[in-house]
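Engineer: Spelled out, the chains give:
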Amino acid sequence: MNRRKFLTFMGSAGVISALGTAKVAKAGVHTFPYYPNSYGVLHDTTRCIGCRRCEEACNIVNKLPKPEKPFADTTVTHTKRRTSAYAWTVVNKYQVNGKDVFRKLQCFHCNDPACASACFAKCFQKQPDGSVTYDGSQCVGCRYCMVACPFYVPGFQYDEAFDPLVQKCTFCEPRLKEGKLPGCVEACPMDALTFGRRSDLLNLARARIAENPGKYVNYIYGEHDAGGTAWMVLAPAAPAPQPADTKDAPKETQPHEDEFTQLGLDRHLGSQPMGELTYGALGAVPMIVAFWPVLFGGAYAISKRREARYKAEKEAHIEATKNDLAAAVDAAVRKIEETQGPGAADTARRAMTEALQAREAANVAEHGEDK
Amino acid sequence: MRNGTVLLLLAAMALASAVCLTSPGTGSAIAATLEATDSGAPSAIVMFPVSAKPNPKGSAMAPTVFNHLNHEKAVDKCETCHHTGDPVACSTCHTVEGKAEGKFITLERAMHATSIQERIGQTPTSCVSCHEQQTKARRECAGCHSIVTSKRDPAWCATCHNVTSSMTEQQRKAGIDGTLPREQNEILAAETVQAQKYSRMLTPMDGPYKVSIDALAKKYQPSNFTHRRHVSSLMEGIRGDKLAGAFHNRPEILCATCHHHSPLSTTPPKCGSCHTKDIDSKHPDRPNLKAAYHLQCMGCHKGMQVGRPKNTDCTTCHKARP
Amino acid sequence: MAEHSIVIPTRDKLFNISEFFTPTPGNIISGIILAVGLVITIIRFTVGIGAVTNLDDNQPWGLWIGFDLLCGVCLAAGGYFTTVACYIMGQKHFHSACRPAVLTAFLGYAFVVVALLYDLGHPLRLPFMFFFPGTTSVLFEVGLCVATYLTVLFIEFSIAPLEWLSCRFPWLIKWRKVLVMCTIPLTIFGVTLSTLHQSSLGSLYLIAPGKLHPLWYSPFIPMFFFVSSMVAGASMVIFEGMLAHKGVHHYMDKTHLREANEVSFAFARAASFILFAYFMLKLIDMLVQANLPYVFTGYGAWWLVEMFGFILLPALLYAKGARDRSLTFCRLGAVNAVAGIVLNRFTVSMIAFNYTLPSAERYFPSIWEICISMFVVTMIITVYRFVVYNMPILYEHPNFRDGH
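Line by line, the protein sequences are chains A, B and C. Numbering-wise, the first sequence is residues 1 to 371 according to the numbering used here. Numbering-wise, the second sequence is residues 1 to 322 according to the numbering used here. Numbering-wise, the third sequence is residues 1 to 404 according to the numbering used here.
None of these hints come from the bench; they were simulated from the model. None of the values given here were measured: they were computed from a predicted structure. Yeah, the Cβ is synthetic: ideal placement off N, Cα and C, and Gly gets one too. Check the hints yourself; a few may be wrong.
Capping the alpha-carbon separation at 25 angstroms, the derived lysine to aspartate or glutamate pairs in DMTMM-like fashion look like this [what the hints assert, rightly or not]:
(1) B:Lys310 x A:Glu68
(2) B:Lys302 x B:Asp177
(3) C:Lys92 x A:Glu315
Just a few of them, taken from the derived set where beta-carbon distance is under 7 angstroms, the chain B residues facing chain A [unchecked claim]:
(4) His145
(5) Thr149
(6) Lys290
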């Protein structure tokens with residue numbers, strides 16, 4: 001391959017990689033807008049009594065299939081349940097420092113949702129009203145949203161053969177548009193769920209913590225967790241059970257799990273949106289698209305050049321050997337001509353040329369035709 | 001400077017005791033009318049907000065009269081309050097500003113702190129923390145006190161900061177400086193204690209017999225709340241209790257657990273006058289009427305550890321509509 | 001040349017499929033697996049995913065993603081690894097290994113997509129990702145790269161079918177020439193895409209730090225996936241060569257046979273270096289993330305097994321094999337390394353995933369999921385055999401012996 005050919009190839013490689021860049025560059029860093037006026041719900045677990053009215057309301061409002069056990073049966077809260085495609089909210093009982101506390105589970109409607117970041121068909125949207133909505137009409141069913149969700153919320157219709165979709169709490173978005181409260185909030189007989197602007201709810205939660213010293217853990221779950229969520233949780237501050245034998249031993253503060261962990265909430269999600277964890281890797285994509293062709297093109301050029309030089313050297317060597325041989329043959333023939341006459345010289349030249357050709361042919365046969 | 005202050009204080013105390021011992025005045029006659037304590041400490045004393053720095057206006061809070069006699073009877077040992085083991089006045093170490101002897105714990109904290117870290121040996125208690133322990137541990141108290149939290153408003157503070165109005169400005173200043181003679185102190189305290197009238201409690205008969213809660217009766221029948229039974233059981237629980245008597249110093253205070261946030265009255269407004277049927281968007285934290293009922297009833301029952309009815313047994317309180 | 005046992009299809013007898021119809025044990029087993037797989041396929045697409053899998057809401061990705069996708073893509077890395085070594089790095093003596101490697105890669109990727117169709121709720125909507133591109137998603141990047149790379153591999157591979165079919169349709173020769181000219185840019189494009197999506201398969205798990213065990217979760221997980229994919233590529237060439245020598249030896253020409261061992265040794269040496277590097281990367285990563293306490297737990301024991309039994313051990317086997325020019329050691333190393341990669345992908349996607357959940361809520365694949373995975377592998381082998389029987393993969397076509 002000559003130099004021009006090589007440059008042509010390099011050029012086309014550049015064009016192709018440029019096209020690749022154009023396509024992939026969109027996969028770069030992108031952040032969701034934050035909606036300051038969005039709505040949220042504050043879940044005060046000190047008020048929740050585990051009556052499952054929210055579950056019932058959710059089921060009716062969203063026309064979900066009837067569960068096996070009726071909603072009046074509150075014993076189901078004793079087993080650990082999670083949200084599924086057919087139960088968008090569930091209430092579970094937890095032991096917080098030995099006391100029964102109920103917590104409602106549903107989509108947290110993150111400010112910058114992991115599911116929306118993970119979805120490769122843009123099914124999930126954070127709406128200005130605070131809800132995270134899902135459009136099943138373009139869902140491919142890859143379930144990466146379920147892998148991504150740090151709260152184990154979305155459920156998948158595994159039993160559906162032809163139109164299986166991911167399902168989760170919608171924040172009753174259609175009801176919000178009509179000016180109604182979400183079904184569960186409306187149904188709660190204890191006002192354990194308070195609906196309002198997220199910013200107001202934060203103030204309200206702080207006021208509740210301040211006005212009732214010793215009642216709440218001084219932490220609003222969801223204020224910052226996973227980048228902040230629209231649904232937030234207050235946990236009761238229950239004193240840790242005191243061990244009996246603390247007479248003389250210096251009293252260590254008993255390392256016990258914090259109340260939120262006991263409520264099944266992960267305190268280690270960090271304050272950045274989950275999607276941001278992938279942005280570093282995604283940001284490297286355009287760099288690799290830009291740099292790799294140069295790197296490997298260069299490597300190719302180097303190896304090509306080395307090969308060409310090797311070939312040239314080899315050819316020069318062969319040429320030199322050939323010339324040497326020809327000169328030697330010529331000298332020998334001239335000598336024979338001088339001593340034995342031209343007839344003998346011709347015979348000798350023919351014999352020597354034939355011998356050389358035979359050798360060359362043997363070489364070719366041994367090493368393959370072109371190497 | 002600080003050591004000088006201590007010396008000055010000690011000198012003042014010595015002087016005060018000397019005066020007390022040598023000249024039996026008219027004051028001790030009044031003090032003597034109170035029952036004497038076993039320990040020999042005064043039966044009641046005025047606790048002044050003792051301050052090292054001269055403050056022309058005096059400290060803001062009215063001094064508190066501490067009934068040493070009643071408290072001595074109520075606790076096992078002196079160390080419960082005198083946590084160093086040395087029976088000296090609180091203000092010896094805990095002044096308004098705090099000082100080194102009291103690990104800079106101010107008088108306010110020493111009297112009001114509620115979350116006190118456990119110590120090796122004797123853990124100090126404050127007035128409020130000890131009283132709170134009582135209201136939480138005693139079942140007859142725990143119901144109301146799980147839904148009522150103490151507030152910092154004049155009515156609440158005045159329950160303890162109640163020194164008699166006959167105290168002169170001069171006496172007050174002297175008390176704050178720590179120079180008030182002990183016996184004058186005792187006279188003031190005795191006067192205050194004697195002026196305290198245990199108010200006549202309302203009787204259960206003053207309230208309605210039954211209240212039908214029907215404002216929301218849609219899914220369920222109205223709930224027949226046995227008002228008189230509830231009030232009488234609460235009153236029975238605290239009958240003759242000194243702590244309860246001292247703090248429930250106005251008859252309507254007991255009503256104010258449920259009939260909260262309105263001026264004390266024997267004819268409080270209805271719940272529905274504040275709590276609307278649907279949540280009021282202007283007051284998002286004010287529970288709606290249904291939740292208000294449930295929070296009050298269940299809050300109290302939960303605090304009292306009333307086993308039945310269960311929170312989720314709806315039809316015990318209001319029968320299902322047929 | 002001497003290998004006249006090679007059946008080269010001619011204009012009159014274009015198909016050479018008689019080998020499929022001899023009742024050898026291999027053929028019988030393949031037939032059974034394919035039949036069972038077909039039945040499960042029908043159940044899967046008429047009753048639903050839940051009918052044949054143990055997947056649930058906590059474990060939405062199971063064996064089909066963990067094996068068919070993660071392992072499938074990784075083990076098909078031989079394509080880019082071999083072509084880069086041969087065409088870009090100028091190791092001309094690897095030339096005979098390129099076509100089998102590209103074929104395996106192409107089949108690997110093609111059947112990754114096939115397996116993916118089983119796992120997707122809406123398989124027909126797969127192209128939706130191009131209509132509604134979720135550009136913040138790692139999966140979008142994976143999808144885009146895999147789709148593009150599959151096209152690249154198809155073009156790279158299609159030289160062989162063109163050579164095969166040209167005996168009946170001579171006009172295809174022109175196209176073949178065009179494609180041969182594209183080799184270098186396609187190779188460079190292929191390695192770029194491979195780097196991207198091999199690493200991105202690891203990046204998929206970056207979004208779930210709470211679910212993947214800390215010993216495997218790392219900000220560098222994309223790098224681990226990429227580095228281990230190079231090992232997988234090299235190992236698969238050796239491993240597959242070993243199997244090919246057993247099964248389709250009679251389709252190899254003299255050049256292939258002569259170069260095969262050299263390829264094994266060279267790749268073993270490369271894989272050994274990379275495995276050592278991979279071992280150090282993982283070790284340092286564990287240390288800098290202060291995960292040492294986890295090493296002394298149950299998962300830590302599993303991590304140590306992986307580190308020493310499936311990274312360090314194959315590295316040593318490879319080193320010995322390359323140094324002593326021992327094919328046995330190289331092959332042992334290849335088997336060990338491939339098993340290690342598969343284990344690693346299983347660990348990330350299933351064993352160490354959802355490690356906080358109680359064991360009752362954990363996932364174990366159902367027998368039918370395993371059957372479908374076996375079905376997919378059998379399909380790959382069957383198509384591979386068909387291609388090898390008919391097209392110039394392991395031998396050079398006598399009509400196109402034009403030097404390279």
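Engineer: So, for every hint listed, does it hold in this structure?
Structural biologist: How the hints compare with the structure:
At roughly 23 angstroms between alpha-carbon atoms, Lys310 (chain B) and Glu68 (chain A) fall within 25 angstroms of each other, so this suggested pair holds. For the proposed pair Lys302 (chain B) and Asp177 (chain B), the alpha carbon gap of about 47 angstroms is over 25 angstroms, so the pair is violated. Only pairs whose Cα atoms come within 25 angstroms are accepted, and Lys92 (chain C) paired with Glu315 (chain A) is accepted, the gap being roughly 19 angstroms. Because the closest C-beta pair between His145 (chain B) and chain A is about 11 angstroms apart, greater than 7 angstroms, the hint is violated.
Because the closest C-beta pair between Thr149 (chain B) and chain A is about 5 angstroms apart, less than 7 angstroms, the hint holds. This hint holds: Lys290 (chain B) has a C-beta 6 angstroms from the nearest C-beta of chain A, less than the 7 angstroms allowed.
Violated hints, in rising order: 2 and 4; the structure is consistent with all others.
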